[in-house]
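Colleague: Chains as they are written, first to last, in the numbering used here: chain A, 1 to 110; chain B, 1 to 118.
Warning: the hint list may mix true and false statements.
Far from chain A, some chain B residues (derived; all Cβ distances over 10 angstroms) [said to hold, decoys possible]: (1) V19; (2) K20; (3) L26; (4) D27; (5) S73; (6) G112.
Where chain B lies over chain A, by a calculated footprint (3+ residues, C-beta under 8 angstroms) [to be verified]: (7) 58 to 69; (8) 98 to 104.
No wet-lab data here; the hints were simulated from the structure.
For every residue, glycine included, the Cβ atom is placed at its ideal position computed from N, Cα and C.
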Amino acid sequence: KQEVTQIPAALSVPEGENLVLNCSFTDSAIYNLQWFRQDPGKGLTSLLLIQSSQREQTSGRLNASLDKSSGRSTLYIAASQPGDSATYLCAVHNTDKLIFGTGTRLQVFP
Amino acid sequence: GAVVSQHPSRVICKSGTSVKIECRSLDFQATTMFWYRQFPKQSLMLMATSNEGSKATYEQGVEKDKFLINHASLTLSTLTVTSAHPEDSSFYICSARDLRRFSTDTQYFGPGTRLTVL
């Protein structure tokens, strides 16, 4: 059974710091991995999707990497801003389902 | 493109009543829709997968008679919480996918529905 874990569970940093959020999964047979952002009481916004054959994806200040063999992905946020404050979820796609991680609650203060 | 809406965004009901939540794909045809449940400060848990015109496939531990899912058209799926109880209070999120249109197996998520059962 696929299990997805995210570390840390919560993170509070001053504005401007570069951040690394971690995601690990137990079954490496995945189709892709996706990072989402969720604001309080809201739905999900897709940030980056990495296919199983890819190593990383970049969008603006965000960079996500994928190492299937070790069952790990990282989301790198450069020059963090207060507007980045949200919960970040990773999800792996295998056997036709998305399995979500436990999430990292990020707070960036001015 | 690829917008998914949910209605209502928020609902409060009395214990014992039934509540229907709608999920619509606004600009694409969703061959598959998914329903998730999220408890406070927890992750999303898949409840069921529904393909248009077929019966929904429920995840282990999800009562199909309590959470009725209908996917009668390519743009609409409904989740009905029957005889709701306070423990059913949660955030329900749907997602939709169209493998015929999108080359990547991407799910597009709705904004969620907050259900509170008194």
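Colleague: Should the label of G112/B as a non-interface residue stand, given a Cβ cut-off of 10 angstroms to chain A?
Modeller: At roughly 5 angstroms from the nearest Cβ of chain A, G112/B sits no farther out than 10 angstroms, so the non-interface label is violated.
Colleague: Examine the region 58 to 69 of chain A: at least three residues should have C-beta closer than 8 angstroms to a C-beta of chain B.
Modeller: As far as the region 58 to 69 of chain A goes, the hint is violated, because 0 residues have Cβ atoms under 8 angstroms from chain B.
Colleague: For the region 98 to 104 of chain A, count the residues whose Cβ lies under 8 angstroms from any Cβ of chain B; is that count three or more?
Modeller: Coverage by chain B holds for the region 98 to 104 of chain A (6 residues, Cβ < 8 angstroms).
Colleague: Taking the minimum C-beta separation from D27/B to chain A, is that value above 10 angstroms?
Modeller: holds (16 angstroms)
Colleague: Please confirm whether K20/B is truly not at the interface, meaning its C-beta sits more than 10 angstroms away from all C-beta atoms of chain A.
Modeller: The assertion about K20/B holds, with a minimum of 19 angstroms to chain A.
Colleague: Against chain A, does S73/B keep a CB gap of more than 10 angstroms to every residue?
Modeller: holds (21 angstroms)
Colleague: Report holds if the minimum CB distance from L26/B to chain A is greater than 10 angstroms, and violated otherwise.
Modeller: holds (14 angstroms)
Colleague: Non-interface claim for V19/B: all C-beta distances to chain A beyond 10 angstroms?
Modeller: V19/B is indeed farther than 10 angstroms from all Cβ atoms of chain A, at 18 angstroms.
Violated hints, in rising order: 6 and 7; the structure is consistent with all others.
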